[in-house]
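The task is simple: from the sequences and hints, build the whole structure.
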Amino acid sequence: MSRYFVRRILATIPLMFIISIFVFMFIHLIPGDPARTIAGLDAEEWQVEAIREEYGLNKPIVTQYVDYMVKLFHGDMGESMKSFTPVSELIAERMPQTLKLVFAGVLWAPILGIFIGVMSAIKQGKIFDHVCMLIAITGLSAPGFWLGLMGIQIFSVQLGWLPSGGLDSWKGFILPSFTMGCGIMAVLARYSRSSMLETLREDYVRTARAKGQKESLVMFSHAFRNSLIQVVTILGLQIGGLLSGSVLTETVFSIPGMGRLLTDSIQFRDYAAVQGLLMLFALQYVLINLVVDLLYGVINPKIRLD
Amino acid sequence: MADIQKNEQQQNTAFESNYIDENIKADQSSKAKAFVKKFLKRKTAVLGLIIIVLLIIIAIIGPYIAPYQYDAYDYANALQGPSAEHLFGTDHYGRDIFSRMLVGARLTLGVSLSAVIVGAALGTVLGLLAGYYGGIIETLVMRGSDVLFSFPDILLAIAIVAILGPGIINVLIAVMVFTIPSFARIMRSATLAVKGSLYVEVAQSLGCKDSRLLFVHIFPGTIQSLIVNFTMRIGSAIMAAASLSFLGFGANVTEPEWGAMLSQGRNYIGIASHMVYFPGLVIFLTVLAFNLFGDGLRDTLDPKIK
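Sequences listed follow chains A and B, in order.
Using our numbering, you'd call the opening residue of the first sequence number 1 and step up by one each time.
Using our numbering, you'd call the opening residue of the second sequence number 307 and step up by one each time.
Don't read these hints as lab results, they were simulated from the structure.
For every residue, glycine included, the Cβ atom is placed at its ideal position computed from N, Cα and C.
Accuracy of the hints is not assured; some may be wrong.
[Said to hold, decoys possible] Residues of chain A placed beyond 12 Å of chain B at every Cβ, according to the derived structure:
no., residue
1, 66
2, 84
3, 214
[To be verified] Here are the simulated DSS-like cross-link-like pairs (lysine-lysine), alpha carbons at most 27 Å apart as the crow flies:
no., chain 1, residue 1, chain 2, residue 2
4, A, 126, B, 515
5, A, 123, B, 349
6, B, 344, A, 126
Now the structure itself:
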């Protein structure tokens, strides 16, 4: 058990290393001279040179990377090229809004998704199943930002029940939470349905039925618990994706979170902020997946053996 | 004597190959028939296919059947709701939204389709090589996919557009890169599965060249996974491209790209919700069609998953 944990934790180190190179290289991948791009097309040569000096772009690339990493480990993500405040401060300021949003999505969507999926599997082929799967594929295909905008149109503009932006009151959470969670609910409903169907075909389920166990007990204590094993992985991927999904939701509802910061920073060519945010988004995704994998080891003893 | 033997051998092999060819042909045509029959039973998948065919026809003839010039300004009729003259209403410049959508079908579908085709081709080759050769190639491809996967959802596409700058061609590149890792992963595992089969071993022991083995023997065995993933990815590519345009990173505002139209409509949601409603609805239907079709294909090709 502990060997599996240690191995899995160690495996993320090279991945984080490569991600850090990727994010670091980001600024160098900009076509042309990055210093010229940052300074602007009409900047004087001395200004470009100053930028090059300031960001260490004239040093050998390995030195630049080492400098960048040393700073990063000290929590220093550099200075915003737009507002000249440290990027870490900018992010810290925006983070609560995004976390609230993610929380609002996580709160209901996975539970409802798994519930719908499991019930559909139990009632496979019945009307309930068809309706649920229709809802799921609709949720999967409808652009979240469009649903959000239509929500604003109906509930804010027409009916005036809910605010069209911001997270100031509990009412403000309803539409963004719906926008964030819709896709996750749909994905989880589909996965837990097929996972449950697969488990229902297992021998141990047949055995339990043959023993004459109550159907509800067979469903929930034998089939459902085992079908969850597969669902956990998808759940992790989905929750990890929520943070980046917040980019669109924050734009729709004008919420000043990290996603909004990312799009604004890209538009203002504030590369230091973009770099910091990308690093953070990737880090959280890798960490959430690590946690999920460890959790997976706990609920599925088979995986620990190989 | 040797000549006669050789001749006989040749005749034998010729006979055998003819015999086998005919058998295979008969087998394949009956397989194809069975496939079509099974597929047609899935009504939602057929519906998806019909919508896809309609969309492709619109993409081809769109500009010729558009009732108005897609870029004709008509300020007197700006922001008009749907009517007999303007089926989907007009936008803030008085341009006919229905005409813009007809003309834009080419752009929206073209960008997503070409991005997925190129991304799928690259990912497939990488996955085949990784699965077949293993070793350092496999490590590079798989770790590379891991890194790309660490930027979940559209975050990777956003990061790429951040590097390259906004514009429709850059959206195409971003969606293409975003498509590569999923194909690389799926094709690698499909290759691994086929690689172990007897016919590949036989071909190998007969001294078949690596390139021939890969593309003639292994590749056809993986084609099912390829087709299913391809159809599914088109849906997500359309969604990703629309999301990028919605965030303002995609098509120019003058271009009739569906995501960009939706993005502009956002500013008028209070007074002209049709500007958001129609482009979003069409994006939704398009993605839905590809998802329904992909689901049907998967269920038909792989009866294990239901």
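Now for the hints, and whether the structure bears them out:
no.: 1; hint: 66; in the structure: holds, 20 Å
no.: 2; hint: 84; in the structure: holds, 20 Å
no.: 3; hint: 214; in the structure: holds, 26 Å
no.: 4; hint: A:126 to B:515; in the structure: violated, 52 Å
no.: 5; hint: A:123 to B:349; in the structure: holds, 20 Å
no.: 6; hint: B:344 to A:126; in the structure: holds, 20 Å
Comparing the model with each earlier hint shows a violation of hint 4 alone; every other hint is respected.
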